[in-house]
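A.B. asks: What follows is the residue order along each chain.
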Amino acid sequence: MEYLKAFIVGGIICAIGQVFIDKTKLTPARILVGFVVSGVILSALGFYEPLVEFAGAGATVPLSGFGHSLAKGVRAAVADKGFLGAFTGGLSATAGGITAAIVFGFIIAVFFKPKDK
Amino acid sequence: MSLSSDEYKKMGEAAVPKTKCLRNLSGAFLIGGTICTIGQFVLNFYLDAGLSTPNASAACSMTLIAFSAVLTGFGVYDKIAKFGGGGTLVPITGFANAVVSPAMEFKSEGFVLGLGVKIFTIAGPVIVYGVLASVAYGIIYWVLKIM
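Note that the protein sequences, when read in sequence, are chains A and B.
According to the numbering used here, the stretch in the first sequence is residues 1 to 117, in order.
According to the numbering used here, the stretch in the second sequence is residues 1 to 147, in order.
Isolated chain B (complex conformation) (with noise of 0.2 Å):
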């Protein structure tokens, strides 16, 4: 097969951000699947300690939002990210990360107005519409009940 350098060049162009796009694919399932499973782990393990269901759950989420503190602290969690992706933004522990990372970040302007103030920077608008979302699943659900 032979090629004019203008061919083969729209050739690369079009495989290469299509590799990119499966390797970033593959790299968030495989993380992403990875801290879940580590998740179950964690949750059997304190089923098994005789938590209840809620409880386990809620102590499970606690434990990895520990983990991932500490390890974006290393600053270990930022170099998994660079191949997770999605797959290290999506779970409980991302969540963690960007709790930390800003927090540690802007410790520096002042432990009011930079860590207290920039902790939230992520969590408050996800905090903010997922009660808000709630609140109004809660009143839908009162009104169907009631009438």
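In isolation and in its complexed conformation, chain A is listed as follows (with noise of 0.2 Å):
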């Protein structure tokens, strides 16, 4: 059932981007950059959190749970330490995802050659 959701509400979110892609001009880059806003905003206002609840990894894989992630780093750090949580809290959250990407990045840049189109 848990994998069902997750399959369900991911396959939603991902159907939301194709709609993106089909029907405006956005680039990658700019629709990628409105579904982590598109987190941050919706966590800010209480609605992503349920969302996770519900669907587990179907909430958190795509990249508004970046997003999510984002706010709620944040959301603890300024609890935990007032203001300078605003600014220590995103980063924090989300670094093991942004230091993956750039290590297994340079790492697979570095030993492969781009295929052919």
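Certain hints may be false.
[Unchecked claim] Listed below are several chain A residues computed to face chain B (Cβ distance under 8 Å; list not exhaustive):
{"hint": "1", "residue": "I13"}
{"hint": "2", "residue": "G17"}
{"hint": "3", "residue": "F35"}
{"hint": "4", "residue": "I41"}
{"hint": "5", "residue": "L42"}
{"hint": "6", "residue": "A44"}
{"hint": "7", "residue": "F47"}
{"hint": "8", "residue": "L51"}
{"hint": "9", "residue": "F83"}
{"hint": "10", "residue": "G89"}
{"hint": "11", "residue": "L91"}
{"hint": "12", "residue": "A101"}
{"hint": "13", "residue": "F112"}
[Unchecked claim] Calculated cross-link-like contacts (lysine to aspartate or glutamate; reagent style EDC-like; alpha-carbon spacing at most 16 Å):
{"hint": "14", "chain 1": "A", "residue 1": "K113", "chain 2": "B", "residue 2": "D78"}
{"hint": "15", "chain 1": "A", "residue 1": "K115", "chain 2": "B", "residue 2": "D6"}
{"hint": "16", "chain 1": "A", "residue 1": "K5", "chain 2": "A", "residue 2": "E49"}
{"hint": "17", "chain 1": "A", "residue 1": "K113", "chain 2": "B", "residue 2": "E109"}
{"hint": "18", "chain 1": "A", "residue 1": "K113", "chain 2": "B", "residue 2": "E105"}
{"hint": "19", "chain 1": "B", "residue 1": "K20", "chain 2": "B", "residue 2": "E7"}
{"hint": "20", "chain 1": "B", "residue 1": "K18", "chain 2": "A", "residue 2": "E49"}
{"hint": "21", "chain 1": "A", "residue 1": "K115", "chain 2": "B", "residue 2": "D78"}
{"hint": "22", "chain 1": "A", "residue 1": "K5", "chain 2": "A", "residue 2": "D80"}
{"hint": "23", "chain 1": "B", "residue 1": "K82", "chain 2": "A", "residue 2": "E53"}
[What the hints assert, rightly or not] Quick list of simulated restraints, FRET-style, between CB atoms:
{"hint": "24", "chain 1": "B", "residue 1": "T53", "chain 2": "A", "residue 2": "T24", "range": "33 to 43 Å"}
{"hint": "25", "chain 1": "A", "residue 1": "K23", "chain 2": "B", "residue 2": "F83", "range": "32 to 42 Å"}
{"hint": "26", "chain 1": "B", "residue 1": "T19", "chain 2": "A", "residue 2": "K25", "range": "15 to 25 Å"}
{"hint": "27", "chain 1": "A", "residue 1": "P50", "chain 2": "B", "residue 2": "V143", "range": "33 to 43 Å"}
{"hint": "28", "chain 1": "A", "residue 1": "P50", "chain 2": "B", "residue 2": "F74", "range": "33 to 43 Å"}
By construction, these hints were calculated from the structure, which means they are not laboratory data.
The model shown is predicted, which means the values in this text are computed figures rather than measured ones.
Even glycine gets a Cβ: it sits at the ideal position worked out from N, Cα and C.
Combine both chains into one complex, guided by the hints.
C.D. replies: See below:
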């Protein structure tokens, strides 16, 4: 059941991305920026956490979940250290993902050649 | 039903983009859903291993990023993306793909100005606007809290 919920909610969020690809002239970078910022806003308004509780990875794996992590990190850090937390919370909470992208991105780029499209 | 060739042409034009759209939409749903389901497996694996929920969630993201980086290196991710569209772009694996692809492609222009700069072609704006939004939210949250 847990897996089915993750599949359906994750699938729907990705289908929304597909609508933006097909119906607008937005580039992938703009669409991803839109998803992250939407995730921050939805999390700030309290809508994203219930979705995560319902769908688990179906809500955290799409990039809107990355925005949710940023917002959640900021929320916890502000509660903990006040104003300073607004500046430290976001990147602290997402450090693992960003660092992993840089490290694995670098390693793969060093050892692999781009394939012909 | 008899149709003039003009009418037939019009009907064809009306029908083609619609089916293409539907195919793209179902492709995105299936591939995106599958990636999230794999994510749930990975997440449960870390939770069963005894990690706290936030740590398991971070470890899950990192694992998916590593998978996607390797698949991008072998050129497999881009093949899946042809069918998956938004289903391969929107998950965190699409973010990883957007980091690895330009880094790999621009390595030939040098490690600093090629790889080092282009690795952030798409990750850069995502991180910039994500962080800006989170700081704006943090300040609003702080003001509401002290009031």
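A.B. asks: Does each hint hold? Answer for all of them.
C.D. replies: Hints, one by one, checked against the model:
A hinted interface residue such as I13/A counts as satisfied when its beta carbon comes closer than 8 Å to some beta carbon of chain B; here the least separation is about 6 Å, so the hint holds. Annotation: G17/A was flagged as interfacial toward chain B, and the flag holds, the nearest CB pair being 3 Å apart, inside 8 Å. Evaluation of the F35/A hint against chain B yields a held restraint, the C-beta minimum of about 6 Å falling below 8 Å. Checking I41/A against chain B by beta carbon gives a least distance of about 7 Å; that is within 8 Å, so the hint holds.
Of the supplied interface hints, the one on L42/A is violated, with its beta-carbon coming no nearer than about 11 Å to a beta-carbon of chain B, more than 8 Å. Checking A44/A against chain B: minimum C-beta separation of about 5 Å stays under 8 Å; hint holds. With 8 Å as the threshold, the beta carbon of F47/A stays out of range of chain B, its nearest partner Cβ sitting at about 13 Å, so the hint is violated. Here the hint on L51/A is broken, as its CB sits about 12 Å from the closest CB of chain B, past 8 Å.
Among the interface hints, the one on F83/A holds; its C-beta lies about 5 Å from the nearest C-beta in chain B, closer than the 8 Å criterion. Evaluation of the G89/A hint against chain B yields a held restraint, the C-beta minimum of about 6 Å falling below 8 Å. For L91/A, the interface hint holds, the least distance from its beta-carbon to any beta-carbon of chain B being 6 Å, beneath 8 Å. A least Cβ separation of about 5 Å between A101/A and chain B falls short of the 8 Å threshold, and the interface hint therefore holds.
At about 4 Å, the closest approach between the beta carbon of F112/A and any beta carbon in chain B falls short of 8 Å, and the interface hint on this residue holds. The hinted pair formed by K113/A and D78/B meets the criterion: a straight-line CA distance of about 14 Å does not exceed 16 Å. For the suggested pair K115/A and D6/B, the alpha carbons sit about 43 Å apart, so the restraint of at most 16 Å is broken. This hinted pair checks out: K5/A and E49/A have alpha carbons roughly 15 Å apart, not beyond 16 Å.
Taken as a hint, the K113/A and E109/B pair is honoured in the structure, with Cα atoms around 13 Å apart against an allowance of 16 Å. Distance restraint check for K113/A and E105/B: the Cα-Cα separation of roughly 7 Å lies within the 16 Å cut-off, and the hinted pair is therefore satisfied. Proposed proximity of K20/B and E7/B is contradicted: the alpha carbons are some 20 Å apart, above 16 Å. A distance of roughly 35 Å separates the Cα atoms of K18/B and E49/A; the hinted pair therefore is violated under the 16 Å criterion.
With a C-alpha separation of about 9 Å, the suggested pair K115/A and D78/B falls inside the 16 Å cut-off, and the hint holds. The hinted pair formed by K5/A and D80/A fails the criterion: a straight-line CA distance of about 33 Å is larger than 16 Å. Between K82/B and E53/A the alpha-carbon distance is near 31 Å, which puts this suggested pair outside the 16 Å criterion. Look at T53/B against T24/A: about 35 Å separates their beta carbons, and that is inside 33 to 43 Å.
Restraint check, K23/A to F83/B: a C-beta distance of roughly 19 Å breaks the suggested window 32 to 42 Å. Distance hint check: the CB atoms of T19/B and K25/A are about 21 Å apart, consistent with the given range 15 to 25 Å. The given range of 33 to 43 Å is broken by P50/A and V143/B, whose C-beta atoms sit roughly 25 Å from each other. Look at P50/A against F74/B: about 38 Å separates their beta carbons, and that is inside 33 to 43 Å.
In terms of the numbered hints stated before, the structure departs from hints 5, 7, 8, 15, 19, 20, 22, 23, 25, 27, listed from lowest to highest.
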